[in-house]
Each structure stands twice: as structure tokens, then as C-alpha cells.
Amino acid sequence: MSTPRKFEVSKKHDVFYFSISFRNTGIARASGLPVGFIVSMNILYDIAAFDRKHILQMGCTSIVAENDDGLILHGRNLDYGIGDLLKNITILVDFVRSQGQEKKIAYSGVTFALSTTLLTGQNDAFSLSLNARYSGPYIYNIFMEFFTHFRTPVGFLLREVLSSSKTYSEAVDILSSRHLFSPSYIIIGGREKGEGAIISRDRWRAADLIKLDEDRWFLVETNSDHWRKDMDKRRITAVKMLKAAGRYGLNVDTMLKVLHTFPMKNNLTLFTTVMSARYPSLIKKTTFIWS
0 MSTPRKFEVS
10 KKHDVFYFSI
20 SFRNTGIARA
30 SGLPVGFIVS
40 MNILYDIAAF
50 DRKHILQMGC
60 TSIVAENDDG
70 LILHGRNLDY
80 GIGDLLKNIT
90 ILVDFVRSQG
100 QEKKIAYSGV
110 TFALSTTLLT
120 GQNDAFSLSL
130 NARYSGPYIY
140 NIFMEFFTHF
150 RTPVGFLLRE
160 VLSSSKTYSE
170 AVDILSSRHL
180 FSPSYIIIGG
190 REKGEGAIIS
200 RDRWRAADLI
210 KLDEDRWFLV
220 ETNSDHWRKD
230 MDKRRITAVK
240 MLKAAGRYGL
250 NVDTMLKVLH
260 TFPMKNNLTL
270 FTTVMSARYP
280 SLIKKTTFIW
290 S
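Per numbering that gives the first Met the number 0, the sequence shown starts with residue 0, numbered consecutively.
Hint data in this document are derived by calculation from the structure and do not stem from the laboratory.
Since the model is a prediction, treat every value here as computed from it, not as a measurement.
Among the hints, erroneous ones may be present.
To be verified - Listed below are the simulated DSSO-like cross-link pairs for lysine-lysine, each with C-alpha atoms no more than 30 Å apart in a straight line: (1) Lys283 x Lys239; (2) Lys86 x Lys256; (3) Lys239 x Lys103.
Unchecked claim - So the derived label-pair ranges between C-beta atoms look like this: (4) Ile235 x Ser168: 29 to 35 Å; (5) Lys239 x Asp67: 16 to 22 Å; (6) Leu208 x Val34: 23 to 29 Å; (7) Arg215 x Arg28: 27 to 33 Å.
Think of the CB as a built atom: it goes at the ideal place given N, C-alpha and C, for glycine as much as any other residue.
Please work from the sequences and hints to get the whole structure.
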């Protein structure tokens, strides 16, 4: 287990999509790698997210839960089949804005060097993580790439929302309605009581939206639709551990214990983190890259 490298990225403007090409070209120039490689890495999820159950899949575990004090915690394990490469370039990033002579952290995330996307991140209003959803043939991804004029890889959308959305409800609305290249599960946690949801995304819009409520104090997402019969041992085990801990026993240590336990933590797990929009510094204390 190691501590992620930390970088600050200063941004004067929040112009997304228009600047994607510029960013990728800049990274290619600085790294000495081909532009095509950088572009491919940034849309790797969108290339791979289709119905391919016969192929080794990515896996992730995301949990959003509320304790008895109304604190929303957002736990996340990111699993990937090319971990040996990605572990060496996993970084914790603060994106900062200048306010006069001062700089303020606008949002933070765990991502990969060479990447301009975010699949795990937070600002002071909400936290986000993305889990892979496998639905529909690959030709659907290609169609949506042309339909959206290549403007909405999901990792770019998550970063845009973290940068520009000011509230939990605004983020949920955008993430539920924007057209995307590929299907996904988007997990979001807010600051206030009841602010937590799993958005099960089709390419066109949300296929389902499930939220925290008085009787549902936690939500667990791995890589399957929550309304179908659950055969995923990660979700089954996580649910069992959370129920055993109880709402009154939920804290950062409890969340980390769940995420560090097999099969949630497995040989494909790249990193673990726990986020809280109410306590943004938590991500820096809980992010571990697994060796």
C-alpha cells in the first residue's frame, strides 16, 4: 500500500470539450507519447463499456452511506485489469482556481497521470464515482460517439460536473440526462441528510435512479443492475458487513474495513478512497494505492 503522488492543476477557465484536444496535445508533447495514445487512454472506459460478459471485465465497488448523525460517506475501490501499468501513474489531484491573489481548491480527484478525465472526485457539494456497466453492443457506443459529435466521454462529463455544478441536485439532474457514449453507474454523495444516489445510466439517459431515504441508509454498487438478482459476491459481502455495523456504527474506519475486505479488495484493485463533501480533506487521508 502506498500514498498517491499529489499534484495541483491551476485552471483559469472552465471550458470543457473545446479544450480537450488542447489538453491531450499538451500532455503528449510533455510526455513524448503519441497523441493517439493519450486520446485512447482518456476514452478507455468508453471503448470498453458494452455487453461483453464473455471477456474479463473491469470491476469496482462504490458505497454511499449515511450515519446516525447525517454524515454522508462515499467509499470507493477502483478495479482494473491492467493494474500493473496504472498503479504507477495513479495520482491524487487538486484542481485550483485563482481568486485574486489567492488560490482555492475547486475540486479534487484520484486519476491517472496522462489523463484529463475523472472517474473518482469531489467538490465541497458532492462526491462522484463511476462503476462500469455492461449493456448493449459496441455499435451503440460508436453511434453515440457520432451522435454527440465526440463531446461526452463519461469521464469528461464527471469532471465538468465537479467543476461547474454547485449543488447535489443540479449534479444529479445533469448526470441523469446528458447523452453519453457508453453505459455506466454513477454514484453520488452530497453534504446533507438523504443526499446519496446511484444513477444507472444508459447511453441516452438514466435507466434508473435510486436514492438514500429513511429506510435505506446505504447503497452499494458493483457492476450489476440493483433490480436484478444479485450474484456478485462483492455486493453481497459489502451489504452484509454494513448491516452488521449498523447505521450507528458507520464511520470512516467502518467504511475502510469494508473496502479493504475480500472480495471488495482483490488482485485487480488499484486504489481505495473514502470521500465526504462535508469534509473534503478526508480524501487525502484515506486514499491508498495497492501494491
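field: Cβ separation of Lys239 and Asp67, checked against the hinted range 16 to 22 Å
entry: holds, 20 Å
Status of the given 23 to 29 Å range, CB of Val34 versus CB of Leu208: For Leu208 and Val34 the Cβ distance comes to about 37 Å; the hint is violated.
task: For the pair supplied as a hint, Lys86 and Lys256, confirm whether the alpha-carbon distance does not exceed 30 Å.
output: With a Cα-Cα distance of about 21 Å, the restraint between Lys86 and Lys256 holds, given a limit of 30 Å.
- request: Using the Cβ atoms, figure out if Arg215 sits within 27 to 33 Å of Arg28.
  value: For Arg28 against Arg215, whose Cβ atoms are near 48 Å apart, the range 27 to 33 Å is violated.
message: Just to be careful, I want the Cα atoms of Lys283 and Lys239 compared with a cutoff of 30 Å; is the pair within it?
response: holds, 27 Å
Given hint Lys103 paired with Lys239 - CA-CA distance at most 30 Å: violated, 40 Å
Beta-carbon spacing of Ile235 to Ser168 - inside the hinted bounds 29 to 35 Å or not: Because 31 Å falls inside the window, the suggested range holds.
In terms of the numbered hints stated before, the structure departs from hints 3, 6, 7, listed from lowest to highest.
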